[in-house]
Amino acid sequence: MNKLNKNYLQKFIAYALLILILFIFYFEMSKTYPFNWQKVPFKYMNLYLEGFYMTLKISVFSIFFALVIGMVFGVMKTSKYQILKELANTYTTIFRNIPLLVIILIVYYGIGSMIEISAMVGAIISLSLFEGAYVSEIIRGGIEAVPKGQVDAAKTIGLSTFYLYIDILLPQAFRTTLPALTGQFISLVKDSSLASVIALQELTMVGRQIATSSFASFESYITVAVFYFTITALLQLLGKFFERRFAIV
Amino acid sequence: MKKLLVVLSIVIFSVVIFGGKIEEIQKRGVLLIGQDPAYAPFYGINENGKRIGHDIEFAKILAELLGVKVKFVITNWDGIIPALMTNKFDIILAAMTITPERALKVNFTIPYYQTGQALMYNSKKYPDGLSIKKVSEMGEKVKIAVQLGSTGEIAARKFFPKAKILTFETVDAAAYQLITKKADAMIFDDLYYGNLVKKYPLIKMDSSLLTKENLGIAVKKEDIDLLLWLNTVIEYLKTDGTFEQLKQKWMIDYKW
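Residue numbers (our numbering), protein chains in the order written: chain E, 988 to 1236; chain G, 27 to 282.
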């Protein structure tokens, strides 16, 4: 048997084992809990899909803004100007040290009392600010990991700071930080469930609502878990794909 | 007679200074109702996401009488009274228990529903039945499952201060603890029993209630005209049998 086949066999055994464990859990539980899958999720599928769509929407927007915020502050942290550094560091310190749940409440009820914002906008603002703080740290690390010699070389040939970042530092930073960024964005998708606290109709909220309305809690929670897993697993695959695309062999 | 006159003049006076809330609603064309996401069988959602339940149908009757449409504004339970006070909606019609503390912030109508907290247990674990007295005698050894933040939780803590209270997000999850014997008893609205026993035939309910609770509509302090009108409507619907029908339909017949 060659090595490739052996690897596949091991993979197969690992998956079979996991499925068996899950099956035993399910079987044990169904002895006492009357699972009724026809009702939940299938009868309520449209609602779950709406929640799924909302989660997807706030996740995509927040990933975009978190990336923009993280890039701006990450670059500021590597700046030679102390004031930019201080500003960026303060931002990170504040948002990394407050729980996301509290940020959501402050943004929605605090800012929301000054200007009318919808729950969706409140959630996107909170998630972007919170995750942006982590992203900025990741990007800073990526920029600082570029060997110093390259910066010196760029300066010697007279490259401006703008092009130093655009052509030399950021592209390399992106490549090295891709795994960390993917992990952060997977966290973001899961963290978006906290937006249910402001009654935003996203996946978790819908799941809880159906659990209460249908007297079928576990079916609903398991359904929600499967939906989240779908998004995060896809993100993980996408991350792997880009890692391979950008890898220097 | 004199007293009545004084009361009447105060009522009329306040209506005059604060203006008519009913008029405001009718001009707007929409009655805004505050509720949290779901509390079946009073209000929940059906397969299409439409709001259904006892209080939903009651709300529609109110809107019809006012000649306006009805709109449900969804907030979380812990922020529902502040939201009423800041005009996010006109009334809270959400199976709210009338309590003296809440009545300091909002005005309550007369009760439109009376419910009670009941003791439920696993009939296989306790074939001879379980009563409030027996549970109190068990002291620290007893574990009681409740829904987080419900009046059942408050009642459980008050009546069984020594017991271990386990909190869950849904009634269903709490009831499941009885089946798996992780909890000895569960304290919940007695009207849930019908729905729970359909799913878990082993669950039994003790016939004597721990507490009785009145549910009312909460109205902003200054909306006296609306309050008086709602009281009249509730009295009317009680007499003409509408509430009987609603109870039969949503609490007993409907399969949640």
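Rather than coming from a laboratory, the hints here were simulated on the basis of the structure. Do not rely on the hints blindly, as some may be mistaken.
[Unchecked claim] Straight line, CA to CA, 30 Å or less: simulated DSS-like cross-link-like pairs of lysine-lysine:
1) LYS1026/E <-> LYS207/G
2) LYS53/G <-> LYS160/G
3) LYS1018/E <-> LYS224/G
So, going through the hints one by one against the coordinates:
Restraint check for LYS1026/E and LYS207/G: satisfied, since their Cα atoms lie roughly 26 Å apart, inside the 30 Å limit. For the proposed pair LYS53/G and LYS160/G, the alpha carbon gap of about 57 Å is over 30 Å, so the pair is violated. For the given pair, LYS1018/E sits about 17 Å from LYS224/G by alpha-carbon distance, which is consistent with the 30 Å threshold.
Violated hints amount to a single one, hint 2; each of the other numbered hints is respected by the structure.
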